[in-house]
Amino acid sequence: PFEDALKNQTTWPFLNKATSIECTSPLLSRAADWTIIEELSTQPWYQGELSRKEAEQLLKKCGDFLVRKSTTNPGSYVLTGLHNGQAKHLLLVDPEGT
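Numbering (the UniProt record's numbering), first residue to last: 1 to 98.
There could be a bad hint or two in this list.
What the hints assert, rightly or not - Using 27 Å as the maximum straight-line C-alpha spacing, the simulated DSSO-like pairs for lysine-lysine come out as follows:
#1 Lys69 with Lys53
#2 Lys69 with Lys88
#3 Lys61 with Lys88
#4 Lys60 with Lys88
#5 Lys88 with Lys53
Since the hints were made in silico from the structure, they are not lab data.
Construct all of the structure, not just a fragment, from the sequences and the given hints.
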């Protein structure tokens, strides 16, 4: 549930530093980005690019959550969940703050 995600703040295995490619090649960088997007799209909680309002409409009961591409911060992802009847939106950042 969403409450556990708030408490634990663990990273997903495919979004950790090990999967990023440390190089200056834009082709390799784009390939790494594509792999992450491809892996995300197979997850039932990933909804792609949605606005806050659209995301909130998908949440029905306390504990429901989803991950979406941010519409206001290009390249960023947001964890949206329903907690105590209220929608919460958490911008996901890597340990280095990007």
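Status of the hints after comparison with the structure:
1. Lys69 with Lys53: The given pair, whose Cα atoms are some 13 Å apart, holds under the 27 Å limit.
2. Lys69 with Lys88: The given pair, whose Cα atoms are some 15 Å apart, holds under the 27 Å limit.
3. Lys61 with Lys88: holds (13 Å)
4. Lys60 with Lys88: holds (13 Å)
5. Lys88 with Lys53: Holds, at roughly 11 Å.
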